[in-house]
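Dock chains Z and G against chain V, hints included.
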Amino acid sequence: MTTLHGQTDAKTLPFTQEARQPFRLAALKRGWLHVVMVPLALLWLSPLVWILVTSLKTRTEVFDPAAGFLPQVLQWANYPGALSVAPFGIYLVNSVLVTGGILIAQLVTITLAAYAFARQTFPGKNLLFTLFLLQIMFPIYATFLTNFVTVRELGLLNSLPAMIVPFVASGYGTFMLRQSFRQVPTELADAARLDGCGHLGILWHVYLPLVKPTLIAFGIITVVTHWNDYMWPLLVNNSENVRTLPIGLGLLAKSDSGADWTRLMAATVVVVSPLLLLFVIFQRRFVDSFMHAGLK
Amino acid sequence: MVISTALSARIREAGLAYLLLLPSLAFLAAFTYWPILRSIWFSFHDVVLGDSKIIWLGLENYQRLLEDRLFWKAFGNTAFYTVITIPLAITCALLLAVALDSKLRGMAIYRSAFFYPVMIPSVAAGMVWVFLYSASYGPINKGLSLIGIPDTAWLYDSKWALPAIMVMSVWKYSGYFMLILLAALKLVPSDLYEAARLDGISAWNRLIHITLPLISPTLYFVIIIGLLHSYQIFDYVYVMTHGGPADATNVLTFYIYQNGFQYQDVGYASTLANVLLLFVGGLIAVIATVFGRRVHYLGR
Amino acid sequence: MAEVILQGVSKAYNGRPTVHAVDLTVADKEFMVLVGPSGCGKSTTLRMIAGLEEITAGRLLIDGADVTHAAPQKRDIAMVFQSYALYPHMTAYRNMAFGLLKTTSLGKTEVDRRIRAAAEILHITHLLERKPNELSGGERQRVAIGRALVRQPKVFLFDEPLSNLDAKLRTRMRGELKRLHKELGLTVIYVTHDQIEAMTLGTRVAILSQGSLQQVGAPMELYMRPANTFVATFIGTPEMSLLRCAVKADGTGSRLDHESFSMVLDADAANPDVFLGVRPEEIHVHPHSVPGMARGIVERTELIGSEALAEIMLGQDRITARMPVADVPESGAQVSLSFDLTRARLFDANTGRALAA
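Protein sequences, first through last, are from chains V, Z and G.
For the first sequence, the working numbering begins at 1 and goes up steadily by one.
For the second sequence, the working numbering begins at 1 and goes up steadily by one.
For the third sequence, the working numbering begins at 1 and goes up steadily by one.
Bound conformation, chain V alone (with noise of 0.2 Å):
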C-alpha cells in the first residue's frame, strides 16, 4: 500500500510539475509585463491628459509652480473664449472641403488606375507603375518648392483647390487597390462579361464593392493624413476664408505669443477631438486600416 502510495507519488510528481511551471512562469512573466507596460502607456497618454487638463485651467495656475496637477475650478469658459479668437467654424468647414475633396478625388483616380495595373496588358505596364510608385519616394512635401511656383501660376493661391490638386493621384493608393484587385478571382470578372458588363461595367459590379475594406482602409488612412496636414496649407494660404483647421491652430499659437496655454489647449481639444473621437467609436476599423496598409 505504502509502496504503491510512493509510486504514483514519484511517477505523478514531475509531470505536474512540468505541466504547472510555464503557465506559473508565464504567468509571472506577463505580470511583469503590465507592470513595464502600464507606466509605458500612461506615459504615452500624459501629452493628451495635460492637453484637456490645462484646457480646463486659469492662466495664472499654469505657471503657479504651487499649484497642483488639476484645477481648482473647471474653467470651461476657456472654450468659448478660444473659439471667439478666431473663426474655428469656417476652419471646420473648410478642413472638410478640403478633406473630402481629396479623398472623393483620390479614391476615383485609384480606382481608375488600379484597375488598369491589375487586369489589363498594354505596353510600357512596368515604367508606368514605376513612375507611379516613384510618387510615394517624393511626396508634395519633398517637392514643395516647385509646386508651390506651379500653383501660384496656376492662380489658385488662397483658394480651397490649392489644398486639393496636388493630392488628387496617389501612387499609393493605386499600389494598395492593385493588390486588392489581383485577389479578386478572374473567374468573377468572366462571368460578369457574359452578364454583359464592360471593363467599366466589372469595376463597378463587381471590383469594388469587392474590395471595399481596402477602400475604407485607404480613406481613412487619407483623411488621417488630409485632416491633419499642417505644411502645404500653410504655404499657399493666406487668407482668413480658406484656413483649414490645424493652419487656424497654428495662427492662434502664434497671436498668443504671451502663451495663453489654457485657451491654446482648448482650441487643440476642439482641433484633435473629431479624429479622436472617430477612433474611439470605430476604433477596430482605424486600427484594421492602418494594420492592412503594411501589408501586400
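Possibly wrong hints are sitting among the right ones.
Said to hold, decoys possible - Between beta-carbon pairs, the in silico distance windows are:
#, chain 1, residue 1, chain 2, residue 2, range
1, V, Thr186, G, Asp266, 50 to 58 Å
2, Z, Ala288, V, Pro209, 33 to 41 Å
3, Z, Pro87, V, Asn238, 34 to 42 Å
4, Z, Gly200, G, His126, 55 to 63 Å
5, Z, Ile109, V, Trp32, 15 to 23 Å
6, V, Gly100, Z, Ser190, 41 to 49 Å
7, Z, Ala288, V, Trp32, 33 to 41 Å
8, Z, Lys159, V, Leu43, 20 to 28 Å
9, Z, Ser190, G, Ala12, 44 to 52 Å
Keep in mind the hints are simulated off the structure, nothing from the lab.
We treat Cβ as the ideally placed atom computed from N, Cα and C, and that holds for glycine.
Same frame as chain V, but now just chains Z and G:
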C-alpha cells in the same frame, strides 16, 4: 483580316487602359514629375519668387552650396534626425508589438494608448510638446526636478533642441509602426514558436532568429514608411523652434523654405531641394539593397 | 436553341499555338463533351466559344451567325464556371437577375418569373435570398446553373462544373444535369478531364490532346472504335492494353505475331508493325495451361468488389484483365490467355492510328 481584328481589339484594350490611367497621370505629371524636373532646371538658374525672369548661372548654385556652412549644418541635422529617429522609433515599436502580441490583457487599451498620437495633427502635437518642454512650468522639468535634474530650457538649448524634437517624433510614430508590426506578428505561425520552445531556445533567441526574419518584409516596409514620414519634421521645426536656437534644428526642408519663401531665392532653394531628393532616394536605394535581398517571404 | 460550328478554330499565345484548327459541329439539343488531359486545350476552346479568349484563326458560328469576334454578351450563350463564379456580394436571386437585367430589356416581373421557374426546376426556391457564402457547394452549383438557365441562351457552356464537389454529390449532379438536358432540350458544350463524366453525360464526346481534336463520336463509338491509341487508352478504366505485334503474310491470308502468341488475321493489314488493342473484359484468363494459348505470369491482382483485376506479363507487355472475383488467380501464377477478337483493334505502331480491320 482576322489578325487585324485581333490586333485592333488589343489596341482598343490598351487605349482603354491608358484612358483609365490618364486622370492619375495628368496629376502626377503636374505635381510630381514636373516639379522634380523643374527643380533641376531651376538649380542652374537665378530664379526669384514671383519674377518671371530667370538667369542662367550654370553650376554657381552648387558651388555656393558646397561653401554654405548653414547648408551643411541643415544637412547634418537632417541626416542625424533620420538615422537616429527611425531606428529608435522602430525598435520601440517592435518591443511594444512583441509585448502586445503575447495576448496581454487590456490589449485594446494599450494599443489605443500607443497609437492615438498618429491621429493628432502635427501642429497640435508640436504645440503641446512646446508646453511640455517649457523651462519653468513645463511638466517634464517638473518631473525631472523630482529626481534632482536641474531645469533645462530644452527647446532653447542648442544641444538639446533637436534631440527633444526626436523624442517627440518617437512618441508620435511608434504606435503606427507598432500596429503594422503587430499585424505581421499575428501571421507568424505559432507552431514555429512551439517547435523552438521544444528545442529549448530562449525567448530572446526566438525573437532574433524566428520572429525577426519572418516579419522582415514588414520591417522593411516600416523602414520605408518611417523614412517618408520624416518629411514631417518640417511641421515640428516650424511650430516648435523655427530652426533655432542658432540653427540647431534647421533641417533641409526648413532651409529650403527659408531660402525659397523668406529670401525668395528659388534657384538656390531648388538646388537644396535636389539634395533632399537625392538624400531620400539614395537612402531608399541603400535600404533596398541592404535589406531588400535578405527579406524572407513567408510562403510567397 | 441552335447549332454551333467551329471551323479551324485556333489559339496561339505569343505565337505559341495551344489549340490547332479545331473543326467541330455541335448539333441543336446535343450534349457535347470536350474531354482530355489537363493542358489539352479544352478549356481554351470553350473560352473561345464563350468569347472570353480571342480566336486567333478560324471561324465560329452560332445559329448560322458568324460570332468569331463578337463580344461575349452578343453570342447568346451562358456559362457555368468551375468555381461557379457567383458574385459574393449578391444574393442568389441577384446573381441570377444581374445578367438578365444587363443583357435584356425584360421587365422586372418577367425576370422574376424566370428566376422563380428556374429555382423551381433546381429546387433552390428557399435559397434565393441567401448569399453564396451561406450556401453549400452543391447549392452554389445549382445557383450557378440557375444563373445560366434564366438567360435562356442558345448554348450552355460548362467548364468542369462538378470538379469541386465530393464524389457522392458529383454523381447526383450528373444525373441532374442529364435530366435538365433532356427535359429542357438544351444545347450543351461541357468541358471535363474526367472520361467517366464524359461517357455518362455526352450524347457525343470530343477528345482533345495537345491542342488537337483526336476523335468525335457517341460515347460507345469511341469506346468500341477508337481512332488512335490516345483515344483507345484515354477512354475506359482500366485502360486498354496495347500489344506490340508484327503482321506477316501467310499464303492465304496474314498472321499476327506477338512474342508469346500468333494468330490468323481475317483481313489484310498493310503495315508490318502494329499494336493489338484489347480491353480488360476481352481477355479471358484460364488457370490451367491450355495448349496453343498464350501464356503469361500474374504480376498482381486487385479486388474491386464485384469483380477483380489482374495485371499479367505477356512477354514484354503488361496487360490488364477483368474477371469475376471467384476466378481470380494467385499472384505469380502462370495462366493461359485467350482474347475475344471480335472487337480487337489494330493500330499503326508508328502513327498510332487505327487500321481498318
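Hint-by-hint comparison with the structure:
1. V:Thr186 / G:Asp266: 50 to 58 Å: Given a distance of about 55 Å, which is inside 50 to 58 Å, the answer is holds.
2. Z:Ala288 / V:Pro209: 33 to 41 Å: At 36 Å between Cβs, range holds.
3. Z:Pro87 / V:Asn238: 34 to 42 Å: With Cβ atoms ~38 Å apart, the hint holds.
4. Z:Gly200 / G:His126: 55 to 63 Å: Check passed, 57 Å falls within 55 to 63 Å.
5. Z:Ile109 / V:Trp32: 15 to 23 Å: holds (18 Å)
6. V:Gly100 / Z:Ser190: 41 to 49 Å: Given range 41 to 49 Å: holds, Cβ gap about 43 Å.
7. Z:Ala288 / V:Trp32: 33 to 41 Å: holds (39 Å)
8. Z:Lys159 / V:Leu43: 20 to 28 Å: holds (23 Å)
9. Z:Ser190 / G:Ala12: 44 to 52 Å: 49 Å Cβ-Cβ, so the 44 to 52 Å window holds.
The structure agrees with every numbered hint stated previously.
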